[in-house]
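J.: Chain by chain, the residues run as shown.
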Amino acid sequence: DSGVTQTPKHLITATGQRVTLRCSPRSGDLSVYWYQQSLDQGLQFLIQYYNGEERAKGNILERFSAQQFPDLHSELNLSSLELGDSALYFCASSVGGQSSEAFFGQGTRLTVV
Amino acid sequence: GQQVMQIPQYQHVQEGEDFTTYCNSSTTLSNIQWYKQRPGGHPVFLIQLVKSGEVKKQKRLTFQFGEAKKNSSLHITATQTTDVGTYFCASTRNAGNNRKLIWGLGTSLAVNP
Chain H
256 DSGVTQTPKH LITATGQRVT LRCSPRSGDL SVYWYQQSLD QGLQFLIQYY
306 NGEERAKGNI LERFSAQQFP DLHSELNLSS LELGDSALYF CASSVGGQSS
356 EAFFGQGTRL TVV
Chain Y
-12 GQQVMQIPQY QHVQEGEDFT TYCNSSTTLS NIQWYKQRPG GHPVFLIQLV
38 KSGEVKKQKR LTFQFGEAKK NSSLHITATQ TTDVGTYFCA STRNAGNNRK
88 LIWGLGTSLA VNP
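As given, the protein sequences belong to chains H and Y, one line each in that order. First residue of the first sequence: 256, per our numbering; consecutive thereafter. First residue of the second sequence: -12, per our numbering; consecutive thereafter.
Isolated chain H (complex conformation) (with noise of 0.2 Å):
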């Protein structure tokens, strides 16, 4: 257990429609990262909050917000759901930055139908 917890585990929805992701990092850690992970395009970074702010932006498509509140849990905000947006999606936290360790969720796998 790496002690991120994303919910739910698993989402299945329509197109058009909007869902969100959730993450609660690991205990101490200020950083948490989101990731999209589909067959063909591997594991791809979409964002950072470090201690509420947003750090590091990566692929992220402009469908996608996500934010980080106080209590340092995160959300990822994915709307206007297409086909192509079904993945799996990972949170990820870390106590600094993109170089320590950091450690995943179990993830969360989407699928628009």
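By construction, these hints were calculated from the structure, which means they are not laboratory data. Every value quoted in this text rests on a predicted model; they were computed, and no experiment measured them. Note that CB positions come from ideal geometry on N, CA and C, so glycine has one too. Possibly wrong hints are sitting among the right ones.
Calculated Cβ distances over 10 Å to all of chain Y for the following chain H residues [what the hints assert, rightly or not]:
{"no.": "1", "residue": "LEU266"}
{"no.": "2", "residue": "ILE267"}
{"no.": "3", "residue": "VAL274"}
{"no.": "4", "residue": "THR275"}
{"no.": "5", "residue": "ARG277"}
{"no.": "6", "residue": "ASN306"}
{"no.": "7", "residue": "GLU317"}
{"no.": "8", "residue": "HIS328"}
{"no.": "9", "residue": "LEU336"}
{"no.": "10", "residue": "SER341"}
Chain H stretches covered by chain Y per the calculated footprint, using a threshold of three residues with CB under 8 Å from any CB of chain Y [to be verified]:
{"no.": "11", "segment": "344 to 355"}
{"no.": "12", "segment": "359 to 367"}
For this one, chain H is given, so just place chain Y on it according to the hints.
T.: Leaving out everything else, chain Y in the frame of chain H:
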């Protein structure tokens, strides 16, 4: 696009054989991290290398960082079925104020008992 290239993409070995995966970059890397993801699981941090020519060992795993800091390798001696999974390398890349972890596409290892 990808900043770090991993080869091979797939590798099948007989149990007991050795295995090596390589991570290459056209630019100098500040560091290299290695992760392992078991089938159906989440990435798990293995190690980080930061120094030129650095070599680190974890039991049957040997990690190397090239002298020019443009490549890295992970070598497994005498593979076991528990080594099955996908091995990813990742490196921190600075782009202005945006610092992010760039991931290779991974090498999937299958071990025949």
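J.: Now tell me, hint by hint, if it's right for this structure.
T.: Hint check results:
1. At the 10 Å boundary, the C-beta of LEU266/H stays outside the reach of chain Y, the nearest C-beta of that chain being 17 Å off.
2. Annotated as non-interface, ILE267/H keeps its C-beta farther than 10 Å from every C-beta of chain Y; the closest such distance is 18 Å.
3. At roughly 20 Å from the closest C-beta of chain Y, the C-beta of VAL274/H stays outside 10 Å, upholding its exclusion from the interface.
4. Annotated as non-interface, THR275/H keeps its C-beta farther than 10 Å from every C-beta of chain Y; the closest such distance is 20 Å.
5. With a least beta-carbon separation of about 16 Å from chain Y, ARG277/H lies farther than 10 Å from that chain, consistent with its non-interface assignment.
6. With a cut of 10 Å on Cβ distances, ASN306/H stays outside the contact zone with chain Y, its closest approach being about 15 Å.
7. Its beta-carbon lying about 17 Å from the closest one in chain Y, GLU317/H satisfies the requirement of being farther than 10 Å from that chain.
8. With a minimum CB-CB distance of about 18 Å to chain Y, HIS328/H clears the 10 Å threshold, and the non-interface call stands.
9. Every CB of chain Y is more than 10 Å from the CB of LEU336/H (nearest about 23 Å), matching its label as outside the interface.
10. Remark: the non-interface label on SER341/H is consistent with the geometry, its nearest Cβ contact in chain Y lying 17 Å away (cut-off 10 Å).
11. Beta-carbon proximity to chain Y at under 8 Å applies to 5 residues in the segment 344 to 355 of chain H; the threshold of 3 is reached and the given coverage holds.
12. With 4 residues having a Cβ less than 8 Å from any Cβ of chain Y, the segment 359 to 367 of chain H passes the three-residue criterion, so the hint holds.
Violation of the numbered hints given earlier is absent; every hint is satisfied by the structure.
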